[in-house]
Amino acid sequence: MLMAAAISGENTVMPEPRLTMGSRFEDLLLLWNWVEAQAAEYGIPSETEFAIQLCLEEAVSNIIRHGYRGRPHLAITVDCVAPAGEQEILFTVEDQAPPFDPLAAAEMPIPTSIDEIPDGGRGIRLLRGFAGSLAYQRLPGGNRLTIGFAMPR
Amino acid sequence: MQISTEELDGGITRIALDGRMDIQGAQAVDLKMNLIAGSSRKLLIDLEKVSFLGSMGMGSIVRPARSVVARGGKVVLFNPVEMVESVFKASGIDTLLPIHHELTAAIAALQ
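From first to last, the protein sequence lines stand for chains A and B. Counting from 31, one number per residue, gives the positions in the first sequence under my numbering. Counting from 492, one number per residue, gives the positions in the second sequence under my numbering.
Source of the hints: derived by calculation from the structure; they are not laboratory data. Here a beta-carbon is modelled for each residue, glycine too, at the ideal position from N, C-alpha and C. One or more of the hints may lead you astray.
[Claimed, not checked] Incomplete in silico selection of chain B near chain A, CB under 8 Å: (1) 513; (2) 515; (3) 533; (4) 546; (5) 574; (6) 583; (7) 587.
Please put together the full structure from these sequences, using the hints given.
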């Protein structure tokens, strides 16, 4: 029985708290798998996992397109921290791109006709709408965006 | 990401999307969505089996919808799951592209 418990314990290895990915859209598959593993580890409800994916897709795709301007071999790191006793799980996205503070970026106005719906610019509004909290920090040579999501009590 | 089409009575084209409308999903359906939209005036976009929608995925729905409306056509979004619907609502798209959960109401809105 003890042996079985030990083996079972080895099979439930905690997911790595940090994901390092390249600045390529293909690497988002790594991100989805990693988020799924974090969701399983921390018992994140499916609606919250959806919001996490939405916000991380937005943050990471902005870095790939605008921060790194399509250069494919630059690193993006995403960390997951669930501080004990806190009611938020935090995802921190870091890059080595020129300064960009999405909290200070202008939100596109809500369109009033279908002709006005822009091709882009929805992302910042979605980020603000679906994140529980957002914090930006300029790093020496990079950016750090911390996105928090409420956890069930 | 899977995409299929069906011609309904009244000149309505039903596009059924199935899968995740993330960046990869959006890229997978973009061309076909635009081709279908180019030859349709009444478009029912069936989102029932879309499990995720990001901002790029929404663009892949909005762009063809815009081209149909620009030619005097109509577009409705059909039966998204709650979280997918909340993405449309957060963007204000739901007031411009009506969302219906009953097929008869969706079809009626296209007449």
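query = If you take the shortest Cβ to Cβ gap from residue 515 of chain B to chain A, is it below 8 Å?
reply = holds (7 Å)
query = Going by Cβ atoms only, is residue 583 of chain B closer than 8 Å to chain A?
reply = For residue 583 of chain B, the interface hint holds, since the closest Cβ of chain A sits about 4 Å away, which is under 8 Å.
Hint check: 8 Å Cβ-Cβ cutoff, residue 533 of chain B to chain A = violated (15 Å)
request  = With a cut-off of 8 Å on the beta carbons, see whether residue 546 of chain B makes it to chain A.
outcome  = holds (4 Å)
ask   = Does the nearest C-beta of chain A fall within a distance shorter than 8 Å of the C-beta of residue 513 of chain B?
value = holds (6 Å)
inquiry  = Tell me if the interface restraint on residue 574 of chain B is satisfied: Cβ within less than 8 Å of some Cβ in chain A.
reply    = holds (4 Å)
request  = Against chain A, run the beta carbon of residue 587 of chain B and see if the smallest gap drops under 8 Å.
outcome  = Residue 587 of chain B check passes; min Cβ-Cβ to chain A is 5 Å, inside 8 Å.
In this structure, the one hint that does not hold is number 3.
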